[in-house]
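Asks: Residues per chain are reported as follows:
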Amino acid sequence: MKTRKDAKAGETDTVAKLHGEGPVRRRIMDMGITKGVEIFVRKMAPLGDPMELNVRGYELSLRKADAEAIEVV
Amino acid sequence: MDIKIALAGNPNCGKTTLFNQLTGASQSVGNWPGVTVEKKEGRLKGQTDTIIQDLPGIYSLSPYTPEEVVSRSYLVKEQPGAILNIVDGTNIERNLYLTTQLMELGLPVVVAVNMMDLVRKNGDRIDLDALGSALGCQVAGISALKGEGGLEAARRAVSAAQAGKSGELPRVFTGSVERALAHIEESIQGMVDSRHLRWYAVKLFERDGNVLEELGLDQELASRLEERIASCEQELDDDAESIVTSQRYAYIRRVVEQAVTKQAAMRSLSASDRIDRVVTSRILASRTIEQDRDRKMTVMTTGFIPCGAKLPIISLFAGAVSGGSPWVAVSAFLTGIAAVVLSGIMLKKFRAFAGEPAPFVMELPAYHAPSVPSVLRATWERGWSFIKRAGTVILLSSIVLWFLQGYGFQDGVLQAVEDNNASLLSGLGRSIAWVFAPIGWVGDMAWKAAVATLTGLIAKEEVVSTLGVLYNVSGEALGDSGEAIWLFVAADFGPMTAYSFLMSSLLCAPCFAAMGAIKREMNNAKWTRRPSAICAPSPTPPPSLSSSWAGWPRARPALAPAPSPPWPCWRAPCTCWPARVTGRRPGTAPRWLWAAGTAPPAAAARGGPLEPGSPETPLWNWKGPRGQEDPGPFCAMGSYGANTGPPGGASRRSRPP
Chain A
501 MKTRKDAKAG
511 ETDTVAKLHG
521 EGPVRRRIMD
531 MGITKGVEIF
541 VRKMAPLGDP
551 MELNVRGYEL
561 SLRKADAEAI
571 EVV
Chain B
187 MDIKIALAGN
197 PNCGKTTLFN
207 QLTGASQSVG
217 NWPGVTVEKK
227 EGRLKGQTDT
237 IIQDLPGIYS
247 LSPYTPEEVV
257 SRSYLVKEQP
267 GAILNIVDGT
277 NIERNLYLTT
287 QLMELGLPVV
297 VAVNMMDLVR
307 KNGDRIDLDA
317 LGSALGCQVA
327 GISALKGEGG
337 LEAARRAVSA
347 AQAGKSGELP
357 RVFTGSVERA
367 LAHIEESIQG
377 MVDSRHLRWY
387 AVKLFERDGN
397 VLEELGLDQE
407 LASRLEERIA
417 SCEQELDDDA
427 ESIVTSQRYA
437 YIRRVVEQAV
447 TKQAAMRSLS
457 ASDRIDRVVT
467 SRILASRTIE
477 QDRDRKMTVM
487 TTGFIPCGAK
497 LPIISLFAGA
507 VSGGSPWVAV
517 SAFLTGIAAV
527 VLSGIMLKKF
537 RAFAGEPAPF
547 VMELPAYHAP
557 SVPSVLRATW
567 ERGWSFIKRA
577 GTVILLSSIV
587 LWFLQGYGFQ
597 DGVLQAVEDN
607 NASLLSGLGR
617 SIAWVFAPIG
627 WVGDMAWKAA
637 VATLTGLIAK
647 EEVVSTLGVL
657 YNVSGEALGD
667 SGEAIWLFVA
677 ADFGPMTAYS
687 FLMSSLLCAP
697 CFAAMGAIKR
707 EMNNAKWTRR
717 PSAICAPSPT
727 PPPSLSSSWA
737 GWPRARPALA
747 PAPSPPWPCW
757 RAPCTCWPAR
767 VTGRRPGTAP
777 RWLWAAGTAP
787 PAAAARGGPL
797 EPGSPETPLW
807 NWKGPRGQED
817 PGPFCAMGSY
827 GANTGPPGGA
837 SRRSRPP
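Those sequence lines, one after another, are chains A and B.
Under the numbering used here, the first residue of the first sequence is numbered 501, with each subsequent residue one higher.
Under the numbering used here, the first residue of the second sequence is numbered 187, with each subsequent residue one higher.
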């Protein structure tokens, strides 16, 4: 299973499924990361965490630990 | 009667700019009851019978953050005449997500697409008419920054409120979801305000804990609905929350395709990328950090961040002792950062701060050039607060200092002294200076440094001003970095003592104002979750509580579900949970505790019926901090939402003597 955690800067992937539960998951979905949406990994923070994503035309910052919940194809 | 317009929108969509523009100076700022979420209200310029209510910036109407809970409670309970929804035109998809939820409330909605100037500049085009007919509401294009169209949009919202009719609901959901929602609507008809029917239906479909408790559906209906939701979930192979979110975004995609033409997405460096992302976080910046624990940790460590007031100290010693070496300032800042990181690691080891890391999912908004009025307003607010401080605290303490260093007992009488080494202040300083001997403060500088450290607690600006008073023999005006006293300071402080003094000033306790802010934020952190917790009395305790029910002798008693709470909800009826807690004091605590055999606190009694936790039956054995005498059994009463933990430490408030 490939999740967004393993992403490298410059990659574009499509979301297959969201794991996890509760507030974090809901927040991730509210921010527009839903099944089938394309995510572009813009860059990583200097120490590799968090990462900056481009989703639905805006920039989203996400911790790697939370990005693990995002399964991509 | 006054017309109320609620201003709603995502964070960073230009809501505050528009609010300032619409209301001018007629603003009142406070807090929403029980939370640190700011509440702003003002009257529309030129139309004083119209109140503009600024809601916090939110992405969604989920039950998970205080901001969102406050907003949805306001919209459902207070029922403003209309909602003016501000949408960032440069990020329209994510912004319309909130719009779809706002429209479900059944209140008149006017959508104001903000940043139209930037949209045009990017070469994009938004067809406002097409957007309006797709959404089924009025849409206006505005640029809050340039002051274009804001008042016009507000006027439209006012007339929409006067007409009182909301548009037809957009067809957001499709297929089996729509059928399930229609079924839920039918089942709960008559139980809720007919305008909010769709809102309640969607929330029930999402299994929103707060709404479930508010409605208190009977067993049979609840299981029927649950069956329906579950079959829908099975059909679409996803959970209800995801289904709703996905369908919303799918709907938005269709709307955007109709109404928005975008230039090919550019993935080169944007202007925002090129601007250095310097985070200027201070204590109050931590307000938006969701998790109590992270919030506390941020607040605790901000004291180490070299703030503007510490800058003069750095420049004084860099100039006077180190010959202007650039490394002094660099090392001071690096030390501050290292102290933050180290104390963060250390704090994590404590129980109060340990645990799962909180979600960190945040938007990195594009930078926008600020408008001149906003800059002036912000400059004025901060400048005025400094003037107030300088004119009161700093001026007064400087006068006191001047007196103390200029007068002393000579020949048994209090009189002006030539040499301040014989002054009252010197005596005072010497009496505490020995404390600082281990870090190398000895000789004549010791008492001066000790006094400066003390006055630094009043305000960090005081350190340099104190040294100025103590060393400024010539009486010259003191510049920012105190060039006038460099010679004297250099004579007293060696390079090592100077550096030691610098470091201790940077790392010692912050000023009283900052300590006050820390205290305020720490207290508030406890109460952040309160509205959702109290508004949603739960018939069953949350898992977090039941896990600490070790030793409870009987099966958990059946508890009457509490009636729906009023808003504001300070007096929401509570359900009592008998609980006997063994082992150490749990991190979770009930809202009220009182000694067995005594009357419950008046405030608890106002909350509703007190059984089964009546004063006669002690229900809670308080295990105080280790070493403290056990004050005996207590009666306990609490009310916590299913999705929220109880407000930790809340019991201390009502802990009996």
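Please note: incorrect hints may appear among the correct ones.
What the hints assert, rightly or not - Result set (DSSO-like, lysine-lysine): computed pairs, CA atoms no more than 27 Å apart in a straight line: (1) K535(B) - K543(A); (2) K307(B) - K351(B); (3) K505(A) - K534(B); (4) K226(B) - K448(B); (5) K535(A) - K564(A); (6) K564(A) - K534(B); (7) K564(A) - K505(A); (8) K535(B) - K505(A); (9) K534(B) - K307(B); (10) K448(B) - K190(B); (11) K482(B) - K448(B); (12) K263(B) - K190(B); (13) K448(B) - K535(A); (14) K332(B) - K231(B); (15) K574(B) - K534(B); (16) K332(B) - K482(B); (17) K564(A) - K508(A); (18) K505(A) - K517(A); (19) K564(A) - K190(B); (20) K564(A) - K482(B); (21) K502(A) - K564(A); (22) K307(B) - K190(B); (23) K543(A) - K307(B); (24) K543(A) - K508(A).
As the list claims (entries may be wrong) - Derived CB-CB ranges, DEER-like: (25) A509(A) - T521(B): 29 to 35 Å; (26) K517(A) - R439(B): 50 to 56 Å; (27) G548(A) - G322(B): 31 to 37 Å; (28) W570(B) - M544(A): 37 to 43 Å; (29) W566(B) - K517(A): 49 to 55 Å; (30) K263(B) - A509(A): 43 to 49 Å; (31) E372(B) - L547(A): 52 to 58 Å; (32) D315(B) - D506(A): 31 to 37 Å; (33) D423(B) - E568(A): 19 to 25 Å; (34) K517(A) - L640(B): 55 to 61 Å; (35) E568(A) - Q405(B): 37 to 43 Å; (36) Q405(B) - D506(A): 31 to 37 Å; (37) A509(A) - V561(B): 21 to 27 Å.
What the hints assert, rightly or not - Partial list, computed: chain A residues near chain B (C-beta under 8 Å): (38) G557; (39) E559; (40) D566.
Please keep in mind that the hints were generated in silico from the structure rather than gathered at the bench.
Glycine included, every Cβ here is placed at the ideal spot set by N, Cα and C.
Asks: Against the structure shown, which of the earlier numbered hints fail to hold, in ascending order?
Replies: 1, 2, 4, 9, 10, 11, 15, 16, 19, 22, 26, 27, 32, 36 and 37
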